[in-house]
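Chains as they are written, first to last, in our numbering: chain W, 1 to 118; chain F, 1001 to 1140.
Hints are supplied without guarantee of correctness; some may be wrong.
Said to hold, decoys possible - According to the in silico footprint, chain W covers these stretches of chain F (three or more CB under 8 Å from chain W): (1) 1016-1026; (2) 1036-1046; (3) 1069-1077; (4) 1129-1136.
To be verified - Here are some chain F residues the structure puts well away from chain W; computed CB gaps all over 10 Å: (5) 1003; (6) 1064; (7) 1090; (8) 1094; (9) 1100; (10) 1107; (11) 1120; (12) 1121; (13) 1122; (14) 1123.
If you're looking for bench data, these hints aren't it; they were derived computationally from the structure.
Positions of the beta carbon are idealized from the N, C-alpha and C atoms, including for glycine.
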Amino acid sequence: MDTFELKTAQADGRLAVLEVAGYINNEAGEAIAAEARRLIEGGHRILLLDLSATRIINSIGISLLLEVLEHLLEVEGNLAFCGLSPSIAKTFQIMGLAQYARILPDRAAALEALSAKP
Amino acid sequence: MNRPHRINLVLPQEPNAELVAAQAVDQVGLPLGFSRDTLSEVKLAVVEACLNAMEYGAGVVEVELIGRPGVPARLEVSVVDNGPGFAPGKVPEPHLVEKLQAGRKRGWGLALIRRLMDEVEIESRPGRTRVRMVRESGGN
């Protein structure tokens, strides 16, 4: 359950989807940040992190996700999350992350919302 | 089961040792009727307390989990380290807007612990810091 895995599930046009599984600690956060940098440098401006298979994230992992968010804000991009467990959703709510990142219930809803014209 | 259920752990300074304490939260909390969602919040708080103790403490970290049956049931977790100590009142409250502009984006642990648990007590002096956290079934 806690083994970290990261997969870029989709990268079409502006949108890229990262599937994250397992415990998001410092090493996992670094891996996510590195992949996000690669995608942003490749021109993607909307990153969706699907955390359906993640049950726990620590504050070091969270701080690295904030680096991804900062990078996206610098290029006028957007960060979104889907598939949050209730405890991770509460953690993000405590941090106020919904002010800067979209929180969507699942992948299908996220893809629909993020593909919609503004 | 009316007697408290107690687990004592000694965590080494090794990567992901905090997950051992998180797993023990289930062992103590599930028999008391805590929901898995509530226990996930407790695990997050315990992980944060252990990470702080491992990062700022010296040597091993001691963790004690006590489950007390009742209405409500109580889950008490103490995390002890032998580091230099700190002044809990001087730890700044993190704000996302400031963190996004700052080079250092860490510093969320204590704030998360306080929001995820019902009671948090911190005793800290040079050589010993103890973070005691309580969550009640149906609390927070």
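Results of checking the hints against the structure:
Coverage of the stretch 1016-1026 of chain F by chain W holds [criterion: at least 3 residues with CB-CB distance below 8 Å; count 4]. Look at the stretch 1036-1046 of chain F against chain W: 5 of its residues bring a Cβ nearer than 8 Å to a Cβ of that chain, three or more, so the hint holds. Check on the stretch 1069-1077 of chain F: 0 of its residues sit with their Cβ under 8 Å from a Cβ of chain W, so the three-residue criterion for coverage is violated. Counting residues of the stretch 1129-1136 of chain F whose C-beta lies closer than 8 Å to any C-beta of chain W gives 0; at least three are required, and the coverage claim is violated.
Distance check for residue 1003 of chain F against chain W: the nearest CB is about 29 Å away, which clears 10 Å, and the non-interface claim stands. Annotated as non-interface, residue 1064 of chain F keeps its C-beta farther than 10 Å from every C-beta of chain W; the closest such distance is 21 Å. At roughly 18 Å from the closest C-beta of chain W, the C-beta of residue 1090 of chain F stays outside 10 Å, upholding its exclusion from the interface. Not every C-beta of chain W lies more than 10 Å from that of residue 1094 of chain F, the closest at about 8 Å, which undercuts listing it as non-interface.
With a closest Cβ-Cβ approach of about 5 Å to chain W, residue 1100 of chain F is found to fall inside the 10 Å limit, against its non-interface label. Here residue 1107 of chain F does not stay apart from chain W, with its beta-carbon only about 8 Å from theirs, under the 10 Å limit. Distance check on residue 1120 of chain F: its Cβ is at least 14 Å (rounded) from any Cβ of chain W, clearing the 10 Å threshold; non-interface status holds. Distance check on residue 1121 of chain F: its Cβ is at least 20 Å (rounded) from any Cβ of chain W, clearing the 10 Å threshold; non-interface status holds.
Every C-beta of chain W lies more than 10 Å from that of residue 1122 of chain F, the closest at about 16 Å, which supports listing it as non-interface. Remark: the non-interface label on residue 1123 of chain F is consistent with the geometry, its nearest Cβ contact in chain W lying 22 Å away (cut-off 10 Å).
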